[in-house]
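In order, the protein sequences belong to chains U and L. For the first sequence, counting from 1, position 84 maps to 84 in our numbering; every step adds exactly one. For the second sequence, counting from 1, position 473 maps to 473 in our numbering; every step adds exactly one.
Please note that a few of the clues may not be correct.
What the hints assert, rightly or not - Facing chain L, from chain U, some residues (calculated, C-beta under 7 angstroms): (1) L75; (2) G101; (3) A103; (4) V128; (5) W174; (6) W223.
Said to hold, decoys possible - Okay, the calculated beta carbon distance ranges per label pair: (7) U:R89 / L:S189: 42 to 48 angstroms; (8) U:A71 / L:S404: 48 to 54 angstroms; (9) L:S404 / U:Y196: 27 to 33 angstroms; (10) U:G122 / L:A441: 45 to 51 angstroms; (11) U:G194 / L:A503: 21 to 27 angstroms; (12) L:R473 / U:R153: 40 to 46 angstroms.
Simulated from the structure, these hints should not be mistaken for laboratory data. All values reported here derive from a predicted model rather than from experimental measurement. Note that beta-carbon positions come from the ideal geometry of N, C-alpha and C, so glycine has one too.
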Amino acid sequence: MDASGVAATAPVLSGDTVLSPALEGLVSKGANKLGGFRAGSSSVLAIASPLGELFPEGGIPKGTFVGVTAAAGGLSVALTLAGEVTKSRGWVAVCGLASLGLAAAEELGVDLERLVMVPSPGSRWADVMAALIDGFDMVLASPGSSVSREVARRLAARARQRGSVVVLMDPSEWPESPDLVVTVLACNWEGLEGGYGCLGGRRMDIRLAGRRARGRSFRRTLWLPASPSRFGSDV
Amino acid sequence: MSSQEDGGISRRAGEEPDTDHPSRVLVLRWLDWPVVSESELSSDVQAWEPVVAAVEALVPSVQVLAAGAVALSSRGPSRYYGGDEALAGLVSSEAERAAGVKGCWVGIADGFFAAHLAAGGLEEDPRGSEGGVRIIPAGKTRRWLGPLPLKLLGRGYEDLVDLLNRLGIRTFSELASLPGADVLARFGSQGIAAHRLAQGLDDFLLQARTPPPDLSVSCEMDPPEARMDAVGFAVKSLSDGLLARLRSAGVVLVAVTIEAHTDQGDRSLRRWRHEEAFDASALAERARWQIDGWLSKREGKTAASGSPVSEGVAGPWTPLELGYAPGVVLVKITPEEVRPASGRQLDLWGAPSGRDLRASRSIARVQAILGPEEVKAVGFGEGRGLDEQYQRVSWGAPKTKRSSLPWPGRLARPSPALIHLPRLEAELLDDQGMPVCVDGAGLLDRSPAFVVFSGDAPRPLVGWAGPWPIEERWWSDGGQRRQARMQVVVGGGDAHLLSRESARWWLEATYA
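Taking the hints into account, I'd like the entire structure generated from these sequences.
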C-alpha cells in the first residue's frame, strides 16, 4: 500500500519489480493451468501429510474459501490446518468463535504467537473479515448473522486477490457454495470404556469435495490425535 | 532547578564551602518493589503509574526510575510545603495511599546519589513494611557520607571498591581525602567519579517525565477535507515531522493520542500503543485508519451497503440530513509516552518479515474498526481449570510468561476444542431414566446411560469415564470449590466434558 492509503491495485514498479498481489495471483493460476504445478510453490498453502493427502495439490490453493462442517471434529480439522500455516511462519486470524479452546489449538500444532483473535466482531463482521483477509494467510471464521450474497461474493473476490485462505465453520448458511468443502463423515473415539479410561484419540473419516476439487471427492481416514498433537494415518 | 536560582548557600562559620552545590533531591522508593527484566518493564511501569501520578499531583516534574523509585527536585517544593520534613511526610503518605502498600522510604539530600542512599539504602535500614524518612540537611551530605562503607557505591563500582578496600580505603571520607589528581591517575575515570560522589558532588540531572506539551503536532484543514487521500498526506507529513523531532531528542515514540475534528463539531480521540516503537508509516497508517473507520461508521456504512472500508472515503457518500459530506478540519497527534532510543540494530533474521508487517497492519485496521481491546492475542495464566492456563489479552498489551507450575489435577490431553462459557446445563441419567449423582467418596451412584443437554432429547452414551474429583482452596472460607469431571461420548461421535458442581451437572466443553 502506498502512503496515500488507497489500496494499490495497479502494479507498483520500483527498484526491484514488485508485483501487486493481483498480478501475483494471475501468474500462479496460469502456471497451474500449464499442468501440475506441484505443492511447495507459492500458490498453495502446504499441508503436511497425512491430512495433506486429502488435498489434490498437497495443500490448499491460496485464495480459496474452505467450508468445514462444524459437527463431530470439524473444528479440530480446521485448527490442524491453521497449525500448518503457523508452522511455515504464517499468520492466522480467528473471527468470531469466542469459545475456541486455546489448549486444543496448541496441541493441534498452532503456534500461539502467530494467532490473533477477534472474538466479537458484532455488526461489523464483514468489515473485519475484509481487513483480516488483507493481512493474514488464513482466516478462521464462523459466519456472522445472515450475510448477503453480495458480501459473500465480495469477500471471496478479496480472498482470491490477496491469496488468503478463509476457513468457514458451518457453511450451511453461507449464500455461496465454498470452493472446497471438508466434511467429517464419521468420528469414533477410542479410550473410553464403560466407566474407565479416558479419551485418547479418534478416528475420523473425512471427505473433501467442491468446485476446486475438480469435481471429484477425496476421502481419508485419519487419527486425530493418535498420540497428543500428532496425526497418524490409518494404514 | 540549579543552585544559581537560589542565590547562595547558607554556610555556618567553620564549615568547608563546597565548590559545586548539587540541587536538593528527594528520592522515594520501596525497597522490596519487585525488580523486573527489560521485557517486562512496560507492565512494571504501568503498575507504577498511580504512584507517580499521585506524586506528580504534589510536585510538578517527577522522574520515574526503574525498579520502583521516583526522584524529584526538592528545593522548590520544600519551600512551598514548609520544609523538608513536611514535604517528605506528604509525599510518602500520598504515595503509600496510591500504591496501597506501606513501607516506602523517602530520602532527601544534596544530589541524587546521596538521596538514593538516604532512602533506605544503608545496610542497617530495615526492609519490609516499615519504611522511613531520612533527611540530610543542606551542606551536610559529605559529612554524612563520611563513615559509610564504600560498597554502598553500588552496581558498576564493585571492582573499584574491591581494589580500594584491599588498599585500606574503606569509607567515603577516606576516599574523599585523597587528592583528586592522584585518584584520576591511579584509578581512572571510574575512580574520579566515585571520588566526586564521596565529596558530596553529584552530576546527576533530573529530567521531566513527560514530553513537554509543545511536542504535539496538529494540522488544520481549511476548507474541510472530505477525501481520505488528502487527509492521509497531511497525516503523513505530521508524523514525519513529529518523529524527526523526537529522534533528535533521542527518544522513540511508544504511545500516542490521535485526535480528529470534523466541521460538524464531532471529535474522534484514540490512544494507540506500539509494541516496540512507532515509525512514520505506522503512525500515519493508524491515524488514517482511525479517521477512515470513524468517518465511515458515522455515516452508518456497512460493507453490505457500500464499498469496503479499505478503499478509503473517496467514493459515493450517502449524505444524511446534511447536503454535503462532513470534512476533517483538524488532526492532532500528541505523544503520550516515549522511551530513550536504544539504537537497536536489527540483524538479518531479526527484522520483521513482509508477512509480519502485513499482519500487523491488518490488526491495526481491525483495531480502528472495533477498538483496541477487541483484537486479542494469547497470553498465559495460571490454573487447573479448562483454559485457565491461557488468556485472551489485548493485542499489544504486555504478556505474562508461560506458567512453569505443574498444576496437578489439570485435564489431560487431548484438550477440548470448544469451551462453553458460560457452561450449559446438562443431566445424566441411567437406563431407567433416574438421575445419576456423585457421592461423597467421588463415585457415581448409578451407571449412566443417557445425557440430556438443556432442552434436547436424551442421547444414548457410547462410552463414559470418570468422575475425577477436584477440590480447590479447601482452606479458604469463601473460595472453596468442589467439582467432579467426566468424559462422555454420545452416539454419533461427539465427545463432551461434563462436570458436577453444586449438586448439578454441567456441560463444560465439547471435543469438537
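In rising order, the numbers of the hints this structure does not comply with: Hints 5, 6, 8 and 12 are the ones this structure does not satisfy, whereas the remaining hints hold.
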